[in-house]
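Peer 1: Start from chain A and add chain B according to the hints.
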Amino acid sequence: MVYEERNIWASLIVSVIGMIVYIVVVLQQAGGRPLTEVDWVPIMLWTIGGGIVAAIVLSIVWGLIAGARDPDGVGRTDQRDRDIARMSIRVGQAFLVIAGLGVIVLCAFEADWFWIANCMFFGFAASSIIGGIASVVAYRRGLA
Amino acid sequence: MVKPTKVTNTIRAVRESAGMTQAELARQVGVTRQTLIAIEQGRYSPTLELAFQLARAFGVGLDDLFDYPVEES
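Chains A and B supply the protein sequences, listed in that same order. Each residue of the first sequence is one higher than the one before, starting from 1 at the first, in the numbering used here. Each residue of the second sequence is one higher than the one before, starting from 1 at the first, in the numbering used here.
No lab work stands behind these hints: they were computed from the structure. Check the hints yourself; a few may be wrong.
Just so you have them, the derived chain A footprint on chain B, three or more residues with Cβ under 8 Å [as the list claims (entries may be wrong)]:
no., stretch
1, 12–21
2, 33–43
Which chain B residues stay away from chain A? Per the calculated CB distances, all over 12 Å, these [as the list claims (entries may be wrong)]:
no., residue
3, Glu49
4, Leu50
5, Ala55
6, Arg56
7, Ala57
8, Phe58
9, Gly59
10, Val60
11, Gly61
12, Asp64
13, Phe66
14, Pro69
15, Val70
16, Glu71
Predicted model, so just to flag it, every value in this text is computed and none were measured. Ideal placement from N, C-alpha and C gives every residue a C-beta, glycine not left out.
Only chain A is shown next, with the shape it has when bound in the complex (with noise of 0.2 Å):
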């Protein structure tokens, strides 16, 4: 495994975590109550700011292990890792779009600032989600 690819599965691996660990927190504080009392905001930095440092971690772990088993590969990077990593961008650039869309949407609504927050959120998790399987995809059976 290449050293880009390592870093998607280390950024992808982190992101489903941070996702199902938002929701069953959320779900927790609610307790029965309405989505919108609970409050999200700190909840929502902290998955943020967590999954950074935990996909910058994993990285750098992975790399290490994967650097002693062959130090030649170490952050080398090419011309299929600059393509794949396009097309992975391309693919989740239509998910901030839909969430961009359903931003604009909700706020004519004048929905409640959780909704309109974590249609945001679940857009950016879902281009890096989606675009990294993408990319692993492409890195396994081939850039079309």
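Peer 2: Relative to chain A, chain B alone:
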């Protein structure tokens, strides 16, 4: 009507006849071994620059290494 098909290559055969390993060729053209494997297996079409570098590594022309067959229909 001419339908486009995938670019095919004979890199593996040429490399093996030159007695070169994947790691050596990858290092020479500046890509990872995994990228070279993907090219050899037809899972990734190299850029024009990389295609030229691969051809030069063996001292052959592009046509000797790559083929772009067209399908008549």
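Peer 1: Regarding the assertion that B:Gly59 does not contact chain A, is the least Cβ-Cβ distance greater than 12 Å?
Peer 2: Label holds. Min Cβ-Cβ 22 Å, cutoff 12 Å.
Peer 1: Against chain A, does B:Asp64 hold up as non-interface, every C-beta pair farther apart than 12 Å?
Peer 2: holds (21 Å)
Peer 1: Is the Cβ of B:Leu50 more than 12 Å away from each Cβ in chain A?
Peer 2: Non-interface label on B:Leu50 violated, nearest chain A Cβ at 6 Å vs cutoff 12 Å.
Peer 1: Would you say the stretch 12–21 of chain B counts as covered by chain A, given the rule of at least 3 residues with C-beta under 8 Å?
Peer 2: violated (count 0)
Peer 1: With a cut-off of 8 Å between beta carbons, are at least three residues of the stretch 33–43 of chain B near chain A?
Peer 2: Holds, because 7 residues of the stretch 33–43 of chain B bring their Cβ atoms closer than 8 Å to Cβ atoms of chain A.
Peer 1: In terms of Cβ atoms, is chain A entirely out of 12 Å range of B:Ala55?
Peer 2: For B:Ala55, whose nearest Cβ neighbour in chain A is about 16 Å away, the distance exceeds 12 Å, so it holds.
Peer 1: Is the claim that B:Pro69 lies outside the interface with chain A correct, judged by CB distances over 12 Å?
Peer 2: holds (17 Å)
Peer 1: Compute the least Cβ-Cβ separation between B:Val70 and chain A, then decide whether it is above 12 Å.
Peer 2: holds (18 Å)
Peer 1: B:Glu49 clear of chain A by more than 12 Å, beta carbon to beta carbon?
Peer 2: violated (8 Å)
Peer 1: Does B:Glu71 sit more than 12 Å from chain A, CB to CB?
Peer 2: holds (17 Å)
Peer 1: Beyond 12 Å on every Cβ pair: is that true for B:Gly61 relative to chain A?
Peer 2: holds (21 Å)
Peer 1: Taking the minimum C-beta separation from B:Val60 to chain A, is that value above 12 Å?
Peer 2: Label holds. Min Cβ-Cβ 21 Å, cutoff 12 Å.
In this structure, the hints that do not hold are numbers 1, 3 and 4, in rising order.
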